[in-house]
Amino acid sequence: MEQFFQQLINGLVLGGIYALIAVGYTMVYGIIQLINFAHGEIFMLGAYIAFTLVTFFPLPIWVAILVGMLFCAGVGMLMDYVAYRPLRNAPRLSALITAIGVSIGLQNLVRMIWGAKPQTFSEESLPAFFRQVSPLVEPTSFFSFLGSSFTENAIQFTENVSLAYLDLTIIILAIILMVGLNRLVTLTKIGKAMRACAQNRVAANLMGIKTNKVIAITFAIGSALGAVAGVMVGVRENINPLMGFHKGVAAFAAAVLGGIGNITGAMVGGLLMGLAEVFGAGYIDSLIGLFFHIIGLGEFYEAEKISHSYGSGYRIAISYIVMIIVILIRPTGLFGKSSAHRA
Amino acid sequence: MRNWLVGLLIVGLLSFWGCQPPDKKTEVSSDKTNTSSEQVKVAVAGPFTGTAAAFGEMIRRGAELKAKQINEAGGINGRELVLAFGDDAGTEKEAKLVATRFATDKQILAVVGHFNSACSIAGKDIYKANGIVELSPGSTNVSVCEGSDWTFRNLYRDDFQGTFIARYISQVLSEYKAVAVLFDNDDYGRGLRDAFTAEAKKINLDVVASVAYDRENTDFSTQLTNIQGKKPDIIFISGLYEQASLIVKQARRLGIKAQFFGADGIDSPDFLKNAGISADGTYLTTPFTFGAGGEEAAKVAAAFEAEFNVPPDTWAALTYDAMGMIAEAIEKTYNREATLAENRKAIRDHLASIDTPEEGFIGITGLTYFDINGDTVNKPAYVKVVIDGKYTTAPEQMLNLDAFK
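Protein sequences appear in the order of chains A and B. Quick note: the first sequence uses my numbering, first residue 357, plus one each step. Quick note: the second sequence uses my numbering, first residue 40, plus one each step.
In short, the hints are calculated from the structure, not lab data. Predicted, not measured: the structure shown is a model, and the values here were computed from it. Not one of these hints is a red herring.
Distance ranges between label pairs, derived from CB positions: (1) Leu-438/B <-> Glu-494/A: 31 to 39 angstroms; (2) Phe-656/A <-> Ala-391/B: 39 to 47 angstroms; (3) Glu-255/B <-> Ser-450/A: 27 to 35 angstroms; (4) Glu-494/A <-> Val-349/B: 30 to 38 angstroms; (5) Glu-479/A <-> Lys-107/B: 34 to 42 angstroms; (6) Ile-532/A <-> Thr-431/B: 41 to 49 angstroms; (7) Lys-693/A <-> Val-349/B: 54 to 62 angstroms; (8) Thr-395/B <-> Ile-456/A: 53 to 61 angstroms; (9) Ser-450/A <-> Asp-427/B: 52 to 60 angstroms; (10) Val-349/B <-> Phe-412/A: 15 to 23 angstroms; (11) Thr-395/B <-> Phe-656/A: 41 to 49 angstroms; (12) Glu-479/A <-> Asn-110/B: 36 to 44 angstroms; (13) Asp-441/B <-> Phe-412/A: 48 to 56 angstroms.
Below are the DMTMM-like pairs computed for lysine to aspartate or glutamate, each with C-alpha atoms no more than 20 angstroms apart in a straight line: (14) Lys-270/B <-> Glu-358/A; (15) Lys-269/B <-> Glu-515/A; (16) Lys-296/B <-> Glu-508/A; (17) Lys-270/B <-> Glu-494/A; (18) Lys-296/B <-> Glu-358/A; (19) Lys-296/B <-> Glu-515/A; (20) Lys-241/B <-> Glu-658/A; (21) Lys-269/B <-> Glu-358/A; (22) Lys-429/B <-> Glu-479/A; (23) Lys-240/B <-> Asp-272/B; (24) Lys-240/B <-> Glu-658/A; (25) Lys-312/B <-> Glu-479/A; (26) Lys-384/B <-> Asp-410/B; (27) Lys-240/B <-> Glu-655/A; (28) Lys-270/B <-> Glu-515/A.
Even for Gly, the Cβ is constructed at its ideal location relative to N, Cα and C.
With the rest of the complex left out, here is chain A (with noise of 0.2 angstroms):
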């Protein structure tokens, strides 16, 4: 049981992060239909552009945030700009593989600055409470609650359950920008605007909208918000020129499986998501065990050593799997339209 609920924790965190993610490749879908596959170069550059600011510059990693958000955003924008907008009326196809060329551009430029290798935010660079503690020492419990005690970096709820400050934080901050996008979309002015765009792009313009300027705030949001999950996942992980295109990819199944183009669905989609990789890869290898002792073969399996655990190996995979069975139950979407009408 314990070990279900760290799974959970590590689902939530993980779909917290693609939630993120995904809101992004939403956005833009329902906007201008458009898949825009270079989302998850934009991602990385957000953990690049804050690595840089806390290891060159020691910026605080808040400071580094916001700045790789500004950043992202303004990316996002000249991204839209200069490789999309020419192409608004062109055929969806010359856009899609328009994206799929700035995707590789941008992950080989970041190749060029940074080097292909790895790179790790040091210890130093983060706050005390973001730090892991030294293996040989035994944490310091600030205080204890209901059983759970407080150390310093972790919530420690039962002996093998618990929560890191890291992880928490990644929860609480895509909760709060979550939520916060819900608020603008649903009740601003510019939120309408958008709405108004997706339903109908040349009757919100005929309506007096600026299309373009609302287009390149969705590119905007969608990007500063991809940029914190780069960051976290930086934090949490490491950071590489491939994170885009790993992270990317499964957050972009997650905006299928919610119905690409809804918002509320990107959300949903991306926690599933999360959930799904991490209880799939968890609980697969105990599912296979069962299923060799339910046809008889109990003992064959122990004594073979299939027991050596490949399914977890195979987390990625097993999170299509879901994505590929929802779509062929409803192949909009949990919460796509079939029709136009999508914000």
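Dock chain B against chain A, hints included.
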């Protein structure tokens, strides 16, 4: 229209960069293909980019240092030694391309590489078919040299290393009873795991879990959570430094207290750099350590540091020696009048003839000679432990090889 053009231009430019290799040095220098008779050319293949790039960096430097020293001493019989580098990115697919390029290059006499076992195995048949020597300074999988007379290596095999680790844990670190294995799902990771678990079974070391991970992955919390449930005292990572550094960090973040043990795959300065404080206390085996090397090794280490401003690691040392062996073979056998195929064959025959300790090549990593497969079986494994962010030679070593026969 103008916007359109600008957009196209930029996209075009970016994609053009995309076609360029990230590091020009990794490309075979094509301007030198017309090697003059005063030059001899040897290729070096390794992961110069990708997730094992830190190994590639050291391999390149080790080879460059040896070549520089040879050339400063007057070259090989008066001929300049020229190196060609090929980046296999640590993947089988790229390794095959690099192998084909080297094998069909009319100037290249021999290849030092590859590093990753999967890459050495992927290139093996290509080198064999084209009759060119492949001398690996880093591949430890059991099957690397099998089935080819053209593939050699100057370090131990994983069947030895895996057995060694299991015995070291049960004999020296005997307070740890339950072991979990986390393995990289490739030739190296699986081969080492098999050797380890087989020996563990024999000596009653309790393997409580054996879990795979994929090298493309950067989040290991799922696997670690599953392992945590099995309550191991020690976790053996059968994989490479990049993933290992993430694994130890994420394990500590999850509150896992177990000891870590790794193999030569995590022997890289980048493991220490990336894992930071979380690496403390990690044990690992390695085919060579400068701490146990002689005077000659210390001299090379000093020259290396003067040249590249960083201390050399195990792989730089093994590549340095591999390059030395190839250079010696060329020196003894090279015939200007002979054809390329004959010269390549002569190098192979020379290496194959080094099969007794008396004929062995004495390098900084010790004595190297080959058995019938082209494997080196006389080199011991050293144990290092991470203390205060540095590799330190562990107080207890098991250098007596007779115990493993």
